[in-house]
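Asker: Based on these hints, arrange chain W on the given structure of chain B.
Listed here are the chains, written in short residue letters.
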Amino acid sequence: MTKRKAARKLRAAVGLHAVLAALAAVWLLPVAWLLLSSLRQEQGAYTPYLMPRAFTLGNYARLFTDTSLFNFPRWFLNTLFVALCSCLITTVLTLMVAYVYSRLRFRSRKALMNVSLVLGMFPGFMSMIAIYHFMKAIGLDQTLLALILVYSGGAALNYYIVKGFFDTIPKSLDEAATIDGATRHDIFWRIILPSAKPVIANTAINAFIAPWVDFIFVSVIMKDNYNNYTVAKGLYTMVDKANIYHYYTVFCAGAVVVALPIVLLFIRLQKYYVAGVTSGAVKG
Amino acid sequence: MEKGNPLREIAAAAGTKDWSVRLSFVIMGTAAIRYGQVIKGALYLAAQVLFALFFALFGWRYLRHFGTLGETAQLRVWDEQAQIYQRVPGDNSMLILLFSVLTVAVTVAFLLVWYCNLKGARRVARLAAQGRHINTFREDISTLLDERFHITLLSAPMLTVALFTALPIVFMILIAFTNFDANHQPPGRLFTWTGLANVADVFLGNEIKAHTFFGVLGWTLVWAVLATFTNYLLGMLLAIAINHKAVRLKKLWRTCFMIAIAIPQFVSLLLISRALESSGAINVALQQLGWISTPLPFMTNPALARLVVVLVNMWIGIPYTMMTFSGVLMNIPGDLYESAEIDGAGPVRRFFTITLPYMVFVTTPATITTFVGNINNFNVIYLLTAGGPFALDYYQAGKTDLLVTWLYKLTVNQQDYALASTIGIFIFMIVSVCSLSVYNRTGAVRKEEMFQ
Chain B
1 MTKRKAARKL RAAVGLHAVL AALAAVWLLP VAWLLLSSLR QEQGAYTPYL MPRAFTLGNY
61 ARLFTDTSLF NFPRWFLNTL FVALCSCLIT TVLTLMVAYV YSRLRFRSRK ALMNVSLVLG
121 MFPGFMSMIA IYHFMKAIGL DQTLLALILV YSGGAALNYY IVKGFFDTIP KSLDEAATID
181 GATRHDIFWR IILPSAKPVI ANTAINAFIA PWVDFIFVSV IMKDNYNNYT VAKGLYTMVD
241 KANIYHYYTV FCAGAVVVAL PIVLLFIRLQ KYYVAGVTSG AVKG
Chain W
1001 MEKGNPLREI AAAAGTKDWS VRLSFVIMGT AAIRYGQVIK GALYLAAQVL FALFFALFGW
1061 RYLRHFGTLG ETAQLRVWDE QAQIYQRVPG DNSMLILLFS VLTVAVTVAF LLVWYCNLKG
1121 ARRVARLAAQ GRHINTFRED ISTLLDERFH ITLLSAPMLT VALFTALPIV FMILIAFTNF
1181 DANHQPPGRL FTWTGLANVA DVFLGNEIKA HTFFGVLGWT LVWAVLATFT NYLLGMLLAI
1241 AINHKAVRLK KLWRTCFMIA IAIPQFVSLL LISRALESSG AINVALQQLG WISTPLPFMT
1301 NPALARLVVV LVNMWIGIPY TMMTFSGVLM NIPGDLYESA EIDGAGPVRR FFTITLPYMV
1361 FVTTPATITT FVGNINNFNV IYLLTAGGPF ALDYYQAGKT DLLVTWLYKL TVNQQDYALA
1421 STIGIFIFMI VSVCSLSVYN RTGAVRKEEM FQ
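Chains as they are written, first to last, in the working numbering: chain B, 1 to 284; chain W, 1001 to 1452.
This is chain B alone, in the form it adopts within the complex:
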């Protein structure tokens, strides 16, 4: 290799790293801004300067202790409860449906899959009013149970990624087990589930995250029942026009508390995420 070639390579490498560093800065700037604001002592959403004049952990303390108007600890427990329940229900339902469509052959299979596809194409917001009135009619409006049902009720429509994974488990394993006298029930438990751990983890984590970040369905279901808010809806209320001045920095602190676990989960999830995007591409 000539000297000139090596120099060119070095210049390319330095240039690439510089571009990446600049881009990474752009992407991390809002994150840094969030952290700075959560530590800022001066109140208010807008300041005529960028760096906080004084730092404090008081916003975090206020978040967990000042519960007179905004009960963050309670919202946190609400969200945890809803997230755990809907994570469990969603995962179980998705696995059941994915197994059926991947492995079992019966008469109405194609029809059911097509109906699922069509139902999934309607915008979710369209039906939220109907869901609210339906919940109200059965006496569940403004309850956490309604929220769990809303988050996990449609699980049977989002089976594509899991089914795609099940499809790659060799069918000869099933056939061998059938010859040994295993029922389809046994195959589900002993063959499919043990080899699908990554995709199960992926489904469960996604289902767990959803209640932490949704603020639309909570608004529709809970209306003004502050006590049953989840963190997303609660934090969202903190920055409406009436409260933003007094609660902006507290909102930032709350956002950090919610975002931190999700960031950690996401980083651990990276490799599954890539696999999911490319294998689940069938869904419309």
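A portion of the hints provided could be inaccurate.
For each label pair, taking beta carbons as the anchor points, the in silico distance ranges come out as [unchecked claim]:
1. W:Leu1112 x B:Ala242: 46 to 54 Å
2. W:Arg1076 x B:Gln142: 24 to 32 Å
3. B:Arg109 x W:Thr1192: 38 to 46 Å
4. W:Ala1285 x B:Thr65: 28 to 36 Å
5. W:Ser1142 x B:Asp66: 29 to 37 Å
What the hints contain is simulated information worked out from the structure, not anything from laboratory work. We put the CB at the ideal spot given by N, CA and C, even for glycine.
Answerer: Okay, now just chain W, sitting in the frame of chain B:
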């Protein structure tokens, strides 16, 4: 399982000489009980009784008003004795429609059970006549874990989908053919069927609604194309840059971008939208740098606001496309490159003949999915601009509103459910056309057995 035409099956059941099979038409489970399947027969009978009770006590009360959606609204009558207005309960169009849909769904489900009852009756009669073994209840249950395992697994998921997805969608589709808006809120004021009036309004009848619809639709499509295209191209470039062999610490770079999207959107987008306001951080920073003297109208100038949502969407979307392309890049079979190198292809040529076609091919379905996702990209628009700047020549919409955010505003702020549902159906049409094109192109449906 024997494949039969349901009507022929029913006719055959009616034509048998076995009295218990024929009696099963009106009293479910008769044949089953006669031939020893007592529990199964009793369950059929119980289903029939329950359905009859449901229909008589609940369903019919609503279903009989389905044609008119109620005639008498709730009234407030002056009570002379108590000196107050008393409420006289009337019909409630909304409940009539909701429970009518529920009743029809339950009735369809019941008819299916009734059909199974008939089919079962004929089979058990035939088995008895041939003197063959008739399954006991316990044996029937055990088939639910094997031959009929799909019924066991699907019943719970299908029930939740029916109640929380299908039923609301059918209800909202029907709403599109009524005049359920802010002036027709039951129980005080009833709404009723208006046929295709809403569809006509949106397309031509009502000038301002038609103008809004086509304006918002146009921007929705422009937005979806811009948002998808920018993310696709720049995400691909970013992935190529990170995966370049000269770059060290690949995982660290990826993590930097992942952190940005791991923060819930309602947080990051709200922060950015506050920062973009006239006294927000970005204007403060630009003023401190001395680049501008007066704040830029990011949120009040329509063209600038549209530019801003596209740019911010790049911040949200590029990390996702980058991750997708990273995965794809790592999966390109190495032998393709080796043989190209033997053939004397240089790095540029290898990129254009192998890397690029491969990436485009693999990610096409995902890209169309992203396009559909962008048509319905509620979060970015709603949290950043809330559809603003508000437009006077639009009906309850702003210049950055997408169809889906307009639908949301009509529903939540205006309670104009009928118009919102009409728009929802239209969104469904756009989305289904796009999705079906993917579905047919990838051929993944037909090839689903390939790996097994």
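Asker: Confirm or reject each hint.
Answerer: Structure-based check of each hint:
no., hint, verdict
1, W:Leu1112 x B:Ala242: 46 to 54 Å, "53 Å, holds"
2, W:Arg1076 x B:Gln142: 24 to 32 Å, "26 Å, holds"
3, B:Arg109 x W:Thr1192: 38 to 46 Å, "40 Å, holds"
4, W:Ala1285 x B:Thr65: 28 to 36 Å, "33 Å, holds"
5, W:Ser1142 x B:Asp66: 29 to 37 Å, "59 Å, violated"
In terms of the numbered hints stated before, the structure departs from hint 5 and from no other.
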